[in-house]
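K.L.:
Okay, here's what each chain looks like letter by letter:
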Amino acid sequence: MTADASSDSASPSRRGGWNTEDWWSVGIALVILGGAFAAVRIGQPADVDQRLQAWVTAERELDLLLQDGQATKAERKQAEAAVGDAKKKVAPNPLSAWMGKTSSWKSDPRAAFFDSKGRSTITGLLAIFAGMGVLFGVGACFLGRRLDHFLPGFALLSLLAVAAQVLADQELIKHFGLEYALWALVVGLIISNTSGAPTFLMAAVNTEFYIKTGLVLLGAEVLFHRLLALGLPGVFVSWVVTPIVLISTFAFGQRVLKMSSPSLNMVISADMSVCGVSAAIATAAACRAKKEELSLAIGLSLAFTVVMMIVMPAVIRAAGMSSVLGGAWIGGTIDSTGAVAAAGGMLDNTALQVAATVKMIQNILIGAVAFGVAVYWVTCVERTPDAPRPRLSEIWQRFPRFILGFVGASLIFSLLSAEGRWGDAVAASVIDGVSKTIRGWCFCLAFVSIGLETNFRVLAKYFAGGKPLILYVCGQTLNLILTLFMAWLMFEKVFPHAADSLTR
Amino acid sequence: MPPTPSPAETRAGRLRLLAATTIITTLWLGVWPAIADWPPFRAQIDHNCELGIDPSAKFYTEQPVAAAAVISISAAQRRDAEAWWSVSD
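Protein chains in written order, with our numbering: chain A, 1 to 504; chain B, 1 to 89.
A couple of the hints might just be wrong.
Claimed, not checked - FRET-style restraints, in silico, Cβ to Cβ: (1) B:Val87 / A:His225: 21 to 31 Å; (2) B:His47 / A:Lys117: 39 to 49 Å; (3) A:Ser260 / B:Ala81: 42 to 52 Å; (4) B:Gly13 / A:Trp396: 16 to 26 Å; (5) B:Thr21 / A:Asn455: 15 to 25 Å; (6) B:Phe41 / A:Phe114: 18 to 28 Å; (7) A:Val138 / B:Pro7: 38 to 48 Å; (8) B:Ala81 / A:Asn455: 18 to 28 Å.
Said to hold, decoys possible - Not close to chain A: a few residues of chain B, all C-beta gaps over 10 Å, as computed: (9) Pro7; (10) Ala8; (11) Thr26; (12) Pro39; (13) Thr61.
No lab work stands behind these hints: they were computed from the structure.
Values in this document were obtained by computation on a predicted structure and should not be read as measured data.
Every residue gets a Cβ at the ideal spot worked out from N, C-alpha and C, and that includes glycine.
One chain only, chain B, in its complex shape:
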């Protein structure tokens, strides 16, 4: 069992939590939205949205563009199966 914190430690801990929450709130509501509007980032974010890219996907099933890629590459393979399975001379 960890020792029970003193009232002063509890108060200090709560103040640190409040400070961390304030920093996060400022960054997420003020700083990141402003940086996102910087033209190079804005262009890239819009480009990703347009192509259906989710840059935070953890697995291919979370990536909308993966399904589209499979459809497109399958079509290319149906058109020219030899090219994908036979070694070129």
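The following block holds chain A by itself, in its conformation from the complex:
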């Protein structure tokens, strides 16, 4: 994100050499991913071959049950759960017990610190933040910050991140899909706009460092072979419509609305067309958007997500659409991954499965989008209109290095996951057991940091004239029309047997 938002952190990214914030983000993420992979390898059970065989058997039993055609919903669910359990047993992760996270709660927030089995998660939280404090502390130290200033600030920043996550875990808030990113922003904004943040806390505030590290970790979750999870219809609904909507919305913002900030335009276009908050984070980092622009795009996206999550299932039911068509429409249009599943679940199980899978395929798109946006920004947007096209060496000079880490992690884990059953189980174990929890905390720390550095009045300035709202509404309208058309064409006209095989 841009220098005027954080002069302290943007400058190191643009320095040459290896001692930059970008490379440190890549390095920290690689240590985490490499450590998690090593832990899975060291903890590999002696009877791994039998466990692999048990997975194959569980899958065969599911196939037999479905071939029979007489299976009840409960039997089918049980057989599917058996496949998932068998896969998990192939590559257990010994580090997962130390990956502290909070849980959902209703009226007593203390319940957030116990997992579903009633075990306290406080030790895990302490362990994860201690580990992150060491890694980020070493990085910050090499980047010119003082470790003795950084660590106390990081401890308080971590406490604020946990508080934001606990706010997000309240069951009603969770039910409406109001993610921790929003509450982390709120926590930071409240402090910075009331009493002001203490100086020692600001020593650990470094939005870009946390976001870039989180993004490289997120790269490991972008598994390209998942693209084919819904066959050709899924590819068309997710990978054809989404880029068309993204590019059209951005062009509309630039040429018709004449938005003053191309980066705000891009972040809103991406979070609306791809997958909400995670796409907003990735594109904001790729095009060096201002922190306030990212906050605004996320606020806009979450507000529309809540409305669409409630309205779309009602419209689909009223229109008498099939579950598969309705699910694909929901999956392709509602921004947030969580809200997509909630809206699909309001219809039926088939709609839920299609909606969740279409959104999963869209999630994978953020790798290509982040890379494409970074290249476009370096070659077109940051170039003065009359300047010649930059040479390859110039592009390399200005290209955000952490994007290479993001794409690299994605390629490595995609190859590992596609390598076979063992590789798939190991990749899942590294992601589910370690990296996704740390990635979540990195983003939470980043959003608390954004809130701590943001003034309410500055935020209001970006909304002037209502152009962001007009952009979002117009883009989302196009998205709704194109996605519905493509889903209808694919699932009802071109591949009707695919839809039949899901409802059978």
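Fit chain B to the known structure of chain A by using the hints.
P.N.:
Below, chain B without anything else, positioned relative to chain A:
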């Protein structure tokens, strides 16, 4: 460097922080739990829990139901691969 706030500004800032904290505490400990128990919301929350849906998931890897969907759809594709990859006549 921002100017150092006067003692009166500091006190006012702390009071605003206290007020914001009180509002959040009241909403999260009193209002939201009461609204969550309103029957239509309660039914929907319980329905999501039963299906393993996390409405606050940011990425598919955080969504428990996504893994189950992949298993189920993969099984449907193994059963009838043609339907997913060949254009219908």
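K.L.:
May I ask which of the numbered hints given earlier this structure violates, with the numbers listed in increasing order?
P.N.:
2, 4, 8, 13
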